[in-house]
Amino acid sequence: MDSPFPKSSSAPGEGRILARLLPNGVSGLSAITYQYPLKLIAPSRPSETKSVLVFLLSYGGGLVAGDTVDLKIDVEAGAKLSVVTQGHTKIFKSATPDIVTRQTMRVHVAGGAALCLLPDPVQPFEGSVYEQTQIFKLATDASLCLLDWVTQGRTARGEDWSFVRWVGRNEVWMTGDGPGAGTGRLLVRDAVILDGGLRHPQLKSLRESMRALGVVGTLLLRGPLVKSLGEFFVSEFAALPRLGSRDFRSDEAKARAQAEGDTSSPLEKWRAGRLEMEKESKLLWSAADVRGCVVVKFGAPAVEAGRQWIGSMLAQEGSISQTFGDHALLCVK
Amino acid sequence: MSSRGEMTNPGFAREGKSSENEIEQEIADLERQLATAKAKRNTGSQPSELNHLTTPSPAALQLSPVPTSANHFLLLLSDSALPLGSFAFSSGLESYLAHTKAGFHGPSHPPATSPAPFAAFLPLSVSAYASTTLPFVLAAHRNPSTASLAALDDALDATIICTVGRRSSVAQGRALLSIWERSLSAALPPAAGAALQPFSALLKNPQRWDPPPVSAHLAPLFGAIGRLAGLGPEQTAYVFMLGHVKALVSAAVRAGMFGPYQAQKTLAGAGVQGLVAGMVEREWATPVEKAGQCVPVMDLWFGRHEVLYSRIFNS
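Going down the list, the protein sequences come from chains A and B. Here my numbering is used: the first residue of the first sequence is 225, the next is one more, and so on. Here my numbering is used: the first residue of the second sequence is 32, the next is one more, and so on.
Keep in mind the hints are simulated off the structure, nothing from the lab. In this text, a Cβ means the ideal position worked out from N, Cα and C, and glycines have one as well. Fair warning: there could be bad hints in the mix.
In silico negatives: residues of chain A with every beta carbon more than 10 Å from chain B [to be verified]: (1) Val250; (2) Pro261; (3) Lys317; (4) Glu455; (5) Phe461; (6) Ser469; (7) Gln482; (8) Ser489; (9) Gly523; (10) Glu528.
Subject to a maximum C-alpha distance of 25 Å in a straight line, what follows is the list of computed PhoX-like cross-link-like pairs (lysine-lysine) [what the hints assert, rightly or not]: (11) A:Lys506 with B:Lys235; (12) A:Lys263 with A:Lys274; (13) A:Lys478 with A:Lys317; (14) B:Lys132 with A:Lys314.
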């Protein structure tokens, strides 16, 4: 069924992935096509069958100024698709600010189907101009796990939010019954506009407005298959220690609590470790349940700290691995 | 001022003391106005401009030329006494202070008892508020019809992806709608005065939609009300943004960052003037679909207001 020589689609940068549930109950690809500079790879002998895996790549490991990628993804009823990348998506410098590098993804997830999109972060180089639009149309009981993150650039070369512009927009639409059944209803629009040109005498550079963060990201969760994961983020957020609270316990009481620490549950132990990691890596995050979606925002001075944090959260909760298989988590390990 | 109900202003119950102070202040103001009016009646002559400002009766407005009526409403909508409960919200300032305090694991910053931390926060907050919200004000001003307003409200609801931000936007939006219905709309010609009734009905009788069709966020309602009251788009946008700055400055005073003179100095300064005008210009042509967060750390501060140990503000 999967041809070893995927057909090319017509226009540069265009691609298409069609995932469906095969008669044996395993998710497979009924179409995967792409055109330079986009490259899609589906491992021919996948090690796991909980979801079908596709690598989203670009030739040369990045997008050159003016490149346009336009990917359409359909996940048919009951199928599960995981999309990952191999390393940061590098965005190269544009000669002039009007040369925009674009990546557009239009996704339709049918009833009972699920998409897990956990890529590496986008790494925009100095002077790059990038716009990314990802539109997800979900049937009422479709599921989506989406991570979208961007870094400050190549720190080794001194880049620190030195690009011209980075715009990332994610829209989650609900199709099917309810208001506006035709076009669907917008549930969440998460848009981040990082524009070095949005200057004003009162406004400092983009770098200063990023307040020493090296990576910022959004995790968006919707649907029955990621419900428990969403609840996990919301409850962990609620369980964060209160900022500005003081420990009024005596040293003896603290020591006793320390000794009793051994009897705490595995979750409590893991949480204590994670909180320590958050503190050391200066990671900030928040989570909110908004219009049936859980939206997690995070930021950290170091990219790897962000990766480690999100990976730890997803691994601890475990449902991504159970639902989509470990290969869905390749980029957050 | 009957609109200061609990429903319209959840922050009010907590702020019993300052509420009393404000009412005292209000009574004093009203008494002063009464005395002025009586004095005018006695002297029989008064400057005409002042007349328009102190007699906001519908009859007087109909007689006066349109720009004066618009100016009148401009002053009303820019009044900090307008009970939107804005003073109960710090728009992330309180959380920012907690996160930049010595001892917190964030990057080190100067201590929070000088104007410096506020001077760093203000432009970021105004820029973020303008890029996320101002396009909705302008779009509602351009088309304040019920269908447009409901669509803008729903779209804005989809973009405010933070519990704290939603709470403050909806609380102030509903407060504004109440004031409009109970107080302001009666002063306008019937067509304009009744224009928001269908929207209100949508809010009060939601169909079984999830999420509900409208939430009554502040930005689109402010734009629509500005338009209905005869304000131009620039005026509406400027007053909206200035209102945000005023709320921030008042929050800074309440948080003990600086005193009232510094607050007025900040508000009057060329910096704020240029900033507000600059943001209105920047977002003038931004379609609502292209609105977005330009200061990502603001979302983190805003969202993490929930994890503060002690809070004096609702946001």
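Hints that the structure is at odds with (numbers, increasing): Structure breaks hints 5, 6, 9, 11, 13, 14.
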